[in-house]
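> The end of the sequence shown is residue 1474 by our numbering, with every number in the run present.
Hints are supplied without guarantee of correctness; some may be wrong.
With beta-carbon atoms standing in for the labels, derived distance ranges [to be verified]:
id : residue 1 : residue 2 : range
1  : Arg1227   : Asp1300   : 22 to 30 Å
2  : Gly994    : Arg1067   : 21 to 29 Å
3  : Pro1226   : Asp1264   : 15 to 23 Å
4  : Gly1428   : Pro963    : 52 to 60 Å
5  : Glu935    : Gly1070   : 39 to 47 Å
6  : Asp861    : Asp730    : 44 to 52 Å
7  : Thr1415   : Asp861    : 49 to 57 Å
8  : Asp1089   : Thr744    : 38 to 46 Å
9  : Ala648    : Ile616    : 45 to 53 Å
10 : Gly994    : Asp1089   : 31 to 39 Å
Bear in mind the hints are in silico, worked out from the structure with no lab data behind them.
Just so it is clear, CB atoms sit at the ideal spot from N, CA and C, and this is done for glycine as well.
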Amino acid sequence: MHAGTTDHLSDPGILGRAAELGRLDRLLGAVDGGGPQVLVLSGEPGAGKSTLVDWAAERGRARGLGILRVRGSEGEAGLGLSGVHQLLHPLLPGEGLPAGQREALDRAFGPEAAGYELKLDQLSLCVGVLGLITGAAARRPLLLLVDDAQWLDLGSVDVLAFLARRLEGRPVVLLLAAREDGVPARFDRAFPQVTVGPLSRTAAGQLLDAQPDPPRGKARAEILQQAAGNPLALIELPRALARGRTGDMGAGGAGGATLPLTARLENLFAADLPGLPAPTRAALLLVAAAGPARLTDLLRAAPELDVVSALDPAERAGLVRVADGGVLLRHPLVRSAIYHAASFHERRQAHLALAAALAEEPDRRAWHLAAAATGQDAEVADALAESAERARGRGGYAAAATALERAAELTPAPELRARRLLTAAQAAMFAGHPQWVGELSGRVGRLTEDPRLRAEASLLGGWALGVTLRHEEALELLLGVAEATAASAPGLALGALSTAATSVYNSGAPHYRAELDRIGGLIDGDGDPAGRAWARAVVDPLHERSRLAQRLADGMAALARDESLGNLTALGGTTWILDETEQAVRVLGRTMDVLRRAGSAGTNATVTQALALALFENGSWTAAEEAADEAFWMATEAGADNVTVGARILRAALRALQGDPAAARSQAMQAVRGMDPRRSLSLQVRHRHAMGMAAFVAGDHAEAYEQLRATFTRDFRPAPVHYHASLYYLGDLAAAAVRAGRADDARTVLDAVEQDLKPDPSPRLAAVLHRATALLTDGDDAERHFRAALDDSATDCWPFEKALVHLDFGEWLRRRRRSTEARPHLSQALECFQRLDARPWIERATAELRAAGAATAPATPGGELTPQERQIAELAAQGLTNRDIAARLYLSPRTVGYHLHKVFPKLGITARAQLRDALTHEDQG
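Construct the entire structure; sequences and hints are all you get.
Rendered as structure tokens:
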């Protein structure tokens, strides 16, 4: 559970346990009174309970608490009072206690304890222990730590329960940790409990990536699946793979690959296995080999075995649960333990028996035959390839890639093996595993000399490199493929060019834009207008707007004829980069709908990231944050570093704009930790902007200016660090410059950029330039630029940027004693800021309105809620996240965010925490 990243300020090494650490912190604070003084931690083996106990010890020690600690042991579970003795040992023999209490402790723990003839009085012992603890706590507040409580002897449990019920008024707190099925009966209901559950997908991915030998590609996805959020498994499974131990991937489609276990994991998840009867172990092996284990399948596979009776000892041992016609294993790692405890011969026989029982289910039968194969087998390979096609038809791209990879291994003919690997790589791309794509595509070239196959493999390999921030290597492959096939295979060349355009944009390097332009001119024909529009827009999105608009129109016409994933993705990017933001939201939203139906998780990450940016710019901040969160966890699982970093930066920018500069700085710094920002200039300038806005909100205008100034070069004639992304930060740069006394320097940047953008910037960029010019202009000419920034109705689709102009202009007017003119601008700004919950700007606009003589009041409700809006609002008021609400109502998180955006102004509120009161008030009204 320890790693080098943080989601809790108290310990930068504990991932995914912010809520648990908060509860522990409150427990430690209760030593001074004011809260429960006992807390019970429970969770499955390996969940990290001991790590949390260790954290509490360190934290308590830092607070000056005395620490008394006991850890239960199976070997001492039968030794009466051994647990209490371990806990109290530092305080014994108990000098200064009353004679009766001292005698009780001596009888229990003294050197003559075994010689006492009289029976020990339990109540006297408990009172003596309480007296001993009370006396020690009078000298120094105490933290009592009990770990692995499931193995404490019963006498110690009784004493600890007596003590726990009598801590009130004493400076003592007690933390008890036990396995979820082993919490002592005296603690399982009487005291507050915290269940230490599996890590979230994001935290699990971060913990896995923090290991000394983090797995990549397919192995990474399979470890995440099998570990199921268990921290110890996430640490131990990579070690097993790093030592060269390999699992059985051949059974992947029959129920998931089985990974090798270390001794620690075997002891945790399969300690009872060796002692079970032989028929039980045989039945368990069938369950493990079957994957989804239906009793009917097991009965057909082993007619000579009374499967139900054979499983009874395993069910009593807690390894399985038989219910509703199926057999469920306690944890995915139990399956691995059972499977690897058997010999290959035993596993093979189990798979063959299951294959015979599943003659009517060709997909599962093919996998069991593959698992039983002893070498290449064309017939089994063909069956797996057919299974892959059926999976692809259902949108199961990961399953298809797995089946095709195994089919390729079993295929004797090298050329066919290469084709199957290539198709597997394509499926893995749609499944969202760039490292896996790289591995599969890299093997194609070693099997074939066919130039077309090699070129397609290079295209896929280039995509994988680009998604993982290796843009230079990606472009070397992709631009090479595009140039080499420009005449012979223009369709393939355009595909490579369109894929390369994404890395060209992210890289931001002028050389690659020139190469993209040059190679695009070599490709014959008018095919793929959407891909051509995207590539051309990436080369130069700022000039010849009429020509770009025509290319976009051609692409949209092609989309109307063929709503393919490639067309949607390319046009989503094109509309965004050309500042057709509302259209970008629609196209990217449509792309997401198609991807969700197809189950293409990998492309989801990159498209969701683009959608998050468009929503952010469009003023849909709640939906943007939801999309960024979704993109982040998908990218973390897939190893798509470009999206992982970008999503974190966007979340940091939102934190800053909504008034939490400390969290914004922390998230922005965490986003780029370990990354060379020169590899992606687009991410570099977005990071600088997030850091700059965090500083601006915190009132550190000098630092804000330095961060925003770093989005442009320090040359005599400054230029954008990123040819496109930097330009949109000019207004914020000017605002920081005015407050930091750096207006002259900012003017040199503005003058240089303004010349380069002539003659036809987009309406959005024109408004940004006018705002920056107005802020940096000393005289009355500023008014002309403020009005120019506001007059174009086309800029309404960037509400936050327009609200900033209203605020700046309102401030400018008020300072010239034109308060009557200022108030409408300030009111419009305030309305937008309230809708976005942009708290620093709400405060500024409110203060300016008051100074301008206006009475400010909360937003007034506007209209009744629709039934769906009310349903969503009520669930949000209960504390459900947008993702939770979406799952319950069968909507997308983005749709939930959209409805909440309409709910807030209707209820006259600006924050989620106000929902409960607002709904109650509406009901009473």
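> Where does the structure disagree with the numbered hints, that is, which hint numbers, in rising order?
As far as the earlier hints go, 6, 8 and 9 are violated by this structure, in ascending order.
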